[in-house]
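**Q** Residue-level listing of the chains:
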Amino acid sequence: MSPATPDLGELYQQVILDHNRNPRNFKRLDAANRKAEGNNPLCGDRIQLFVQVDGDTISDIGFQMPQGSGCAISKASASLMTDAVKGKKVGDAETMFQAFRDMLTGGGGSSAPGKLAAFSGVRAFPSRIKCANLAWHALHAALQNSAEPVTTESARDF
Amino acid sequence: MLDTARIRPDFLILAQQENGHRLVYLDNAATSQKPRRVIDAIVHYYNFHNANVHRGAYALAVEATEAYEAARTTVARFVNAWAREGVAFTRGTTESINLVAASYGRTNVRRGDTVVVTAMDHHSNIVPWQILCQEKGATLRMVEITEDGRIDLSDFGRALESKPKIVAFPYVSNSLGTVNPAAQLSKLAHAAGAVTVVDGAQSTPHLRVDVQSLDCDFYALSGHKMLGPMGSGALIAKPALLDAMPPYHGGGEMIERVWDDRSTWNKIPHKFEGGTPNVEAAVGLGAAIAYLEQLGMERVSEHEQELARLAIERLTQIDGVTVYGPKGHRAGVVPFTYGDIHPHDLATILDRDGVCIRAGHHCTQPLMRRLGVAATARASFYIYNDVDDIDALVTAVRKAGELFGVLAS
Chain A
2 MSPATPDLGE LYQQVILDHN RNPRNFKRLD AANRKAEGNN PLCGDRIQLF VQVDGDTISD
62 IGFQMPQGSG CAISKASASL MTDAVKGKKV GDAETMFQAF RDMLTGGGGS SAPGKLAAFS
122 GVRAFPSRIK CANLAWHALH AALQNSAEPV TTESARDF
Chain B
8 MLDTARIRPD FLILAQQENG HRLVYLDNAA TSQKPRRVID AIVHYYNFHN ANVHRGAYAL
68 AVEATEAYEA ARTTVARFVN AWAREGVAFT RGTTESINLV AASYGRTNVR RGDTVVVTAM
128 DHHSNIVPWQ ILCQEKGATL RMVEITEDGR IDLSDFGRAL ESKPKIVAFP YVSNSLGTVN
188 PAAQLSKLAH AAGAVTVVDG AQSTPHLRVD VQSLDCDFYA LSGHKMLGPM GSGALIAKPA
248 LLDAMPPYHG GGEMIERVWD DRSTWNKIPH KFEGGTPNVE AAVGLGAAIA YLEQLGMERV
308 SEHEQELARL AIERLTQIDG VTVYGPKGHR AGVVPFTYGD IHPHDLATIL DRDGVCIRAG
368 HHCTQPLMRR LGVAATARAS FYIYNDVDDI DALVTAVRKA GELFGVLAS
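Read top to bottom, the protein sequences are chains A and B.
Be aware that the first sequence starts at 2, since it is given in my numbering, and climbs by one per residue.
Be aware that the second sequence starts at 8, since it is given in my numbering, and climbs by one per residue.
It cannot be assumed that every hint is accurate.
Just the calculated beta-carbon pair ranges, DEER-fashion [said to hold, decoys possible]:
{"no.": "1", "chain 1": "B", "residue 1": "Arg-316", "chain 2": "A", "residue 2": "Gln-99", "range": "47 to 55 Å"}
{"no.": "2", "chain 1": "A", "residue 1": "Glu-11", "chain 2": "B", "residue 2": "Leu-317", "range": "27 to 35 Å"}
{"no.": "3", "chain 1": "A", "residue 1": "Asp-31", "chain 2": "B", "residue 2": "Lys-194", "range": "49 to 57 Å"}
{"no.": "4", "chain 1": "B", "residue 1": "Arg-165", "chain 2": "A", "residue 2": "Phe-27", "range": "40 to 48 Å"}
{"no.": "5", "chain 1": "B", "residue 1": "Arg-13", "chain 2": "A", "residue 2": "Gln-145", "range": "37 to 45 Å"}
{"no.": "6", "chain 1": "B", "residue 1": "Leu-19", "chain 2": "A", "residue 2": "Gln-99", "range": "41 to 49 Å"}
{"no.": "7", "chain 1": "A", "residue 1": "Ala-125", "chain 2": "B", "residue 2": "Asp-159", "range": "41 to 49 Å"}
{"no.": "8", "chain 1": "B", "residue 1": "Gln-24", "chain 2": "A", "residue 2": "Ser-128", "range": "16 to 24 Å"}
Keep in mind that the hints were calculated from the coordinates and are not lab data.
Computed from a predicted model, the values in this text were never measured in an experiment.
For glycine and all other residues, C-beta sits at the position ideal for the given N, C-alpha and C.
From just these sequences and the hints, can you work out the full model?
**A** Okay, here's the thing in structure tokens:
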């Protein structure tokens, strides 16, 4: 028996549907000095993330989802993430990632800042948490690697 | 159509609710549900007959061995195997194919040889051959598919010109529902001098299978997709081929005599069943086959094909829905996409109405690349599905469209 019957409207909030349809920062930044690739084998989603870090500031960021589109949750999450971290310090972005993760998987019912709170509904859909986290894991990988190599994140790390 | 009102009570899980709705289980190509008869057979085995097989000198061990070997006879009869010795129990199709690749393949494939697979094969009928070919320096040749999702017979013919050692293909595609002309493919492959390996994971649950009339050399099946337990399955092979093959796993049961430095092998099929076998799986599979035989495989096929036909008819009435796979004759597998809604989102939305479908690449990434999609949604039917299930599917798909304001792509 499924205990709870979470509301779809909690998952697919308007802001998520909007960012899915019209993703922000949906662009390649071939000259970016940090890149990472994220992979969600479950839905076949792949994200390529491009981050330009100057000093300790994320001065530009863009993402692509090759082979058509990612699912609504992963694409909207990538879009909202890029909006949230653009212009921020690297350390602040990592703190946001932590808050985002805590919101999805932590026990305390905590929330993430600003529009990222729209993903709080994902918590009730365990099969979709990986989708929401995908872009953030890619960002984390990109920020960890100051050198060029592209890292692939598999769902096992999630 | 089958009398689902009589069948459904045999499946306790179907009486459950999913998210407050009637459970509509449409992921049968991934695994089927299990009737009480199969579950009871497993419980009965453990309560009354459990002992290790083929070695005990006491009555209970004899009973366990008899139960295990009776299941082998049942499987052999069900697919019309060449001999009951030509039925080796495995964990399923994947292990069966790995067995053939590791044993027959390693012995017979050499540097410069070719192994042929198709672009609609499941990863389990691709990756073992990739591993073999990489190890041996052989070439893996993938046969293309046609626009309407069939094996491209002219490309199949071209692939055979390289005189491959092994030709592997699925009888029924898990991603498209295509029913391949397995007997014809096998004949062509034999004429080119190859042995054939048929992935029967999606055919055995749904069609009357006769491996002798297919005249393949190896046939792999999984029990869990045909009402049997997880971890049940078999490799069906021509006995002469099995006889000539080296063992797959070394251990107890598969040996005849063991010296300090060497051993001789047990007779087939025991040569390929090293270690204590999964007796409960074999017993459960035997019970599953008995259940299917009672329904009649022709009626099972007919039932699923009618459901698939109806599902395709109703889904394609929705603007923006694309159904993949061959028109006309197909198995009960309906892959589709809906406008710009990602299949994973579709699956989440459908689940909210109790409708379980699969979304993703279905372990057929080379096929997905050829279809030009990252993923599809897939509804697949079995004996307990009925028209109400299709109503629920179609209603939930329409709801998804409303939620997303679907853009036809």
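**Q** Now tell me if each hint is right for this structure.
**A** Structure-based check of each hint:
1. Between Arg-316 (chain B) and Gln-99 (chain A) the Cβ separation comes to about 52 Å, which falls inside the hinted range of 47 to 55 Å.
2. Taking 27 to 35 Å as the suggested C-beta distance range, the pair Glu-11 (chain A) and Leu-317 (chain B) conforms, at roughly 33 Å.
3. Hint check: Asp-31 (chain A) to Lys-194 (chain B), Cβ distance near 52 Å, so the stated range 49 to 57 Å holds.
4. At roughly 41 Å, the beta-carbon separation of Arg-165 (chain B) and Phe-27 (chain A) lies within the given 40 to 48 Å, and the hint holds.
5. For the hinted restraint 37 to 45 Å between Arg-13 (chain B) and Gln-145 (chain A), the CB-CB distance of approximately 59 Å leaves it violated.
6. Leu-19 (chain B) and Gln-99 (chain A) have their C-beta atoms about 44 Å apart, which keeps the hinted 41 to 49 Å range intact.
7. Ala-125 (chain A) and Asp-159 (chain B) have their C-beta atoms about 45 Å apart, which keeps the hinted 41 to 49 Å range intact.
8. Between Gln-24 (chain B) and Ser-128 (chain A) the C-beta distance comes to about 18 Å, which sits within the given range of 16 to 24 Å.
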